[in-house]
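2 protein chains.
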Amino acid sequence: MKRFSSWLQTVAFALVCGFAFAADPMLVVGHKNPDTDAIVSAIAVAHLKTQMGVTAVPIAQGQPTPETKYVLERFQLTAPPVQTTVAGRQVFLVDHSDYPQAPDDLTKAEIVGMVDHHKLGGLTTDKPIEAWVFPVGCSGTIIARMYAVADVPIPQSIAGGMLSAILSDTLMFKSPTTTPEDRTTAAKLAMLAGVDDIQALGMKIFEAKSQFKGISAMGLLKQDFKAFNMSGRKVGVAQLEMMDLGMVSPMKNDLRKAMGELKADGYHSVLLMLTDIMKEGTELHALSDDAGIVETALGAKLQSGSVWLPGVVSRKKQVIPGLEKAFK
Amino acid sequence: MKRFSSWLQTVAFALVCGFAFAADPMLVVGHKNPDTDAIVSAIAVAHLKTQMGVTAVPIAQGQPTPETKYVLERFQLTAPPVQTTVAGRQVFLVDHSDYPQAPDDLTKAEIVGMVDHHKLGGLTTDKPIEAWVFPVGCSGTIIARMYAVADVPIPQSIAGGMLSAILSDTLMFKSPTTTPEDRTTAAKLAMLAGVDDIQALGMKIFEAKSQFKGISAMGLLKQDFKAFNMSGRKVGVAQLEMMDLGMVSPMKNDLRKAMGELKADGYHSVLLMLTDIMKEGTELHALSDDAGIVETALGAKLQSGSVWLPGVVSRKKQVIPGLEKAFK
Numbered sequence: 001m002k003r004f005s006s007w008l009q010t011v012a013f014a015l016v017c018g019f020a021f022a023a024d025p026m027l028v029v030g031h032k033n034p035d036t037d038a039i040v041s042a043i044a045v046a047h048l049k050t051q052m053g054v055t056a057v058p059i060a061q062g063q064p065t066p067e068t069k070y071v072l073e074r075f076q077l078t079a080p081p082v083q084t085t086v087a088g089r090q091v092f093l094v095d096h097s098d099y100p101q102a103p104d105d106l107t108k109a110e111i112v113g114m115v116d117h118h119k120l121g122g123l124t125t126d127k128p129i130e131a132w133v134f135p136v137g138c139s140g141t142i143i144a145r146m147y148a149v150a151d152v153p154i155p156q157s158i159a160g161g162m163l164s165a166i167l168s169d170t171l172m173f174k175s176p177t178t179t180p181e182d183r184t185t186a187a188k189l190a191m192l193a194g195v196d197d198i199q200a201l202g203m204k205i206f207e208a209k210s211q212f213k214g215i216s217a218m219g220l221l222k223q224d225f226k227a228f229n230m231s232g233r234k235v236g237v238a239q240l241e242m243m244d245l246g247m248v249s250p251m252k253n254d255l256r257k258a259m260g261e262l263k264a265d266g267y268h269s270v271l272l273m274l275t276d277i278m279k280e281g282t283e284l285h286a287l288s289d290d291a292g293i294v295e296t297a298l299g300a301k302l303q304s305g306s307v308w309l310p311g312v313v314s315r316k317k318q319v320i321p322g323l324e325k326a327f328k
Numbered sequence: 001m002k003r004f005s006s007w008l009q010t011v012a013f014a015l016v017c018g019f020a021f022a023a024d025p026m027l028v029v030g031h032k033n034p035d036t037d038a039i040v041s042a043i044a045v046a047h048l049k050t051q052m053g054v055t056a057v058p059i060a061q062g063q064p065t066p067e068t069k070y071v072l073e074r075f076q077l078t079a080p081p082v083q084t085t086v087a088g089r090q091v092f093l094v095d096h097s098d099y100p101q102a103p104d105d106l107t108k109a110e111i112v113g114m115v116d117h118h119k120l121g122g123l124t125t126d127k128p129i130e131a132w133v134f135p136v137g138c139s140g141t142i143i144a145r146m147y148a149v150a151d152v153p154i155p156q157s158i159a160g161g162m163l164s165a166i167l168s169d170t171l172m173f174k175s176p177t178t179t180p181e182d183r184t185t186a187a188k189l190a191m192l193a194g195v196d197d198i199q200a201l202g203m204k205i206f207e208a209k210s211q212f213k214g215i216s217a218m219g220l221l222k223q224d225f226k227a228f229n230m231s232g233r234k235v236g237v238a239q240l241e242m243m244d245l246g247m248v249s250p251m252k253n254d255l256r257k258a259m260g261e262l263k264a265d266g267y268h269s270v271l272l273m274l275t276d277i278m279k280e281g282t283e284l285h286a287l288s289d290d291a292g293i294v295e296t297a298l299g300a301k302l303q304s305g306s307v308w309l310p311g312v313v314s315r316k317k318q319v320i321p322g323l324e325k326a327f328k
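So the sequences go chain by chain: A and B. Those letters in the first sequence? Residues 1 to 328, per the working numbering, in order. Those letters in the second sequence? Residues 1 to 328, per the working numbering, in order.
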């Protein structure tokens, strides 16, 4: 009798676990320090999957930035709940494809898919998954393709969010990451979203992006901070995009101090890109155990730890590849 | 004058290197021990890329198997040249997404894209790439999608090759890896290729697959052998698919001896799947430092080192995931 009851308990436990797993919706999550693309892409993929019969919910690894808040309000979208653990769940990654930027317990979850437009980050899975990875300017552009392949209409609000993500990621099509598909997709999304003036929306987004008041230097530094493992060395690259570098002038000393605090956390190098969208260039600040490597990567000399890089606006395309190479 | 001439040499050298790199066509390559999907996919993607304006050529990491030879002859396709080095070249991977199955010097090449339908294998890149990875039964199915997105017509001969790859990979739609898209794609490719009877083509392919005469036991073992790194342990899984297990009966002792020789090359476990396509099951043979792990993975007891697994026909879907889990 005891054996039977223990067997019954086991079966009941297995059933509960099984049902819990099956009933738990798939989680769709963007990278740490989420930007507009990470947040909106999670919302857009969760909606698409749910429409296709797989219940999915968006989550975020952090609060929306002022820019993202503006976009969510403008298009009446709800910020995904902040959740940083995914163990035991089915997970769909958006806007990243590497472990450092994913939830820390990702290895205890089941990756079922990903959308990304960055360099491949070395994820492994036990089973085949779906990966939509293309060298375009924004995950939103790829997700528009996914909706088209699945023949699912993009709701007006989500189209507005995806359009905003494209404008933000491509710096209003000025970034060298921009492809013709980003432009045509943005035009289609604008029609769906009822946006007549794409340029005007872009300016509003970049005004929101440039609102640094009331945020601490460390908060700014971490707002769009990405950590990389480069040949065994920990390298962090933050980026702040703004309409005018003057907006951040009073904070530069505090920002450099914050870089130092961050670097103490085992970093070989911490870089900060202060990108002027209008002048189309970046004032790059660096703290490094070996400034020579950074200078080789940039092809430029640092003076008092910083240098103006005309034409450089893309971390992914104009800064990271050089760093990867210099660190090899 | 000396300085000028050395500068001139440097410029000339840079120009030669630059032009050489630009003029070298992109290489499209399938996995080691290429099967029909690996060979045909390389041909199909190279054609597509060339049509899209990027000159590309297919290569292979080995000679075609008897099955692939039959397919190439039937559809008047040319076997890609065997080439195992890719250093300094742009490379597009087909039918795999991991370093062990890729050319050994892949890290010295530039990965620009990949097509795969297997588990993600942990590749990293310095730049964003295009990755077409979907959980379907065959890379050919994904490549048909690529042609559709690019709006490039599939030539009759290549359509025949892709159809054959789908029939081979899905065991004529009997494998659990088969998806509805594999079936509809096969039907479309059959029309393009002028194949009236898909079943008859499938039988011809599997007859060719089952031609083991004149091949050594080691040759058979390596014909479709995949090596995996499972939590630091080297695990190899070979598979032979045939119409009737009787075809391989006289060779079983030699096959087990060959497994032993192969295992001596640092393997923790070497498995051989003898898959009966008609009976839809696999006689699995195992040599392992820890047979218990293999038994846990299979959910079955080995007797004299082998076991009949009814319903098991897919290495990828029915054997590898269990092994990955058991080795964790």
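Keep in mind that the hints are not guaranteed to be accurate.
Each pair may be met inside one copy or between any two copies, as identical chains are not told apart.
Each computed DSSO-like pair below joins lysine-lysine, with the alpha-carbon atoms no more than 30 Å apart [as the list claims (entries may be wrong)]:
1. 127 with 301
2. 69 with 174
3. 108 with 301
4. 188 with 127
5. 301 with 69
6. 328 with 213
7. 263 with 127
8. 127 with 222
9. 234 with 108
10. 32 with 325
11. 213 with 108
12. 234 with 252
13. 127 with 174
14. 222 with 188
15. 234 with 257
16. 252 with 69
17. 325 with 213
Simulated from the structure, these hints should not be mistaken for lab results.
Status of each hint after checking the structure:
1. 127 with 301: between (47 Å within a copy, 24 Å between copies)
2. 69 with 174: within (23 Å within a copy, 50 Å between copies)
3. 108 with 301: between (44 Å within a copy, 28 Å between copies)
4. 188 with 127: Between copies only: 28 Å across chains, 35 Å inside a chain, cut-off 30 Å.
5. 301 with 69: Classified as neither: same-chain Cα gap 38 Å, cross-chain 58 Å, threshold 30 Å.
6. 328 with 213: Close neither inside one copy (39 Å) nor across copies (48 Å); limit 30 Å.
7. 263 with 127: For residue 263 and residue 127, the Cα distance is within 30 Å only across copies (25 Å; inside one copy 37 Å).
8. 127 with 222: Between copies only: 23 Å across chains, 34 Å inside a chain, cut-off 30 Å.
9. 234 with 108: both (23 Å within a copy, 22 Å between copies)
10. 32 with 325: both (24 Å within a copy, 28 Å between copies)
11. 213 with 108: Cα proximity of residue 213 and residue 108: none, with 39 Å in one copy and 46 Å across.
12. 234 with 252: Classified as within: same-chain Cα gap 23 Å, cross-chain 51 Å, threshold 30 Å.
13. 127 with 174: Close across copies (19 Å), not inside one copy (39 Å); limit 30 Å.
14. 222 with 188: neither (33 Å within a copy, 51 Å between copies)
15. 234 with 257: within (19 Å within a copy, 47 Å between copies)
16. 252 with 69: For residue 252 and residue 69, the Cα distance is within 30 Å only inside one copy (25 Å; across copies 66 Å).
17. 325 with 213: neither (36 Å within a copy, 50 Å between copies)
Of the numbered hints given earlier, the model fails hints 5, 6, 11, 14, 17; all others are met.
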